[in-house]
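Read off the chains here:
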Amino acid sequence: GDSVTQMEGPVTLSEEAFLTINCTYTATGYPSLFWYVQYPGEGLQLLLKATKADDKGSNKGFEATYRKETTSFHLEKGSVQVSDSAVYFCALSDQGGNAGNMLTFGGGTRLMVKP
Amino acid sequence: NAGVTQTPKFQVLKTGQSMTLQCAQDMNHEYMSWYRQDPGMGLRLIHYSVGAGITDQGEVPNGYNVSRSTTEDFPLRLLSAAPSQTSVYFCATQQGYEQYFGPGTRLTVT
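Keeping their order, the protein sequence lines are chains B and W. Going left to right, the first sequence walks through residues 1389 to 1503 as my numbering numbers them. Going left to right, the second sequence walks through residues -12 to 97 as my numbering numbers them.
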């Protein structure tokens, strides 16, 4: 079955540091890939997505590129802020991107940014 | 526009008790789902619905029931709570590629 593997956290960085959170996946078809973010005490919010190989998703300074050859979707940001402290989830959907998809989530990576 | 709402926010149950977690949405989305979140395991799908009157099982359905009589509401029922059901529960809707999550219900079973 489908699976998503993320690097374990917590990841602790100083403000303005470069961030990478690794994500690799296993899927039978051609999945769509997502990064969700969960701020303390809240539900998950979609951060960015990519629906086909070589697509780059980006939002709020975060980027991730869909690499089919390495089955990866690593999250990067050039300069993190304290407000980026949250838990980040990589996820995939293997049903073509239409309504009714089921998401498979990674275990989540907690990011802590210190001033 | 409230989005996805969940009640209660917190609940403590004794083993064997039953309860219903409520989920409501005002976005007219057909697809709704329930997840549980456990440390280090991400979110796991419990049940989902692609429209009123239609429900199906996800990855971890045992011990949970759902029904979908209206587009707006998708309650999750625990028939006989067990300590293994201690978790944070999230309801979500979907439109296109994006899922919209509620704020969650933290459930403790003693």
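For the record, the hints were derived by calculation from the structure and aren't laboratory data. One or more hints might be untrue.
Stated by the list, open to error - Short, incomplete list of chain B residues facing chain W, as computed with Cβ under 7 Å:
#1 1427
#2 1428
#3 1432
#4 1434
#5 1436
#6 1437
#7 1441
#8 1493
#9 1495
#10 1496
The beta carbon of each residue, even a glycine, is placed where N, CA and C say it ideally should be.
- Query: Going through the earlier hints one by one, which of them does the structure break, listed in rising order?
  - Reply: 1, 2, 5, 7
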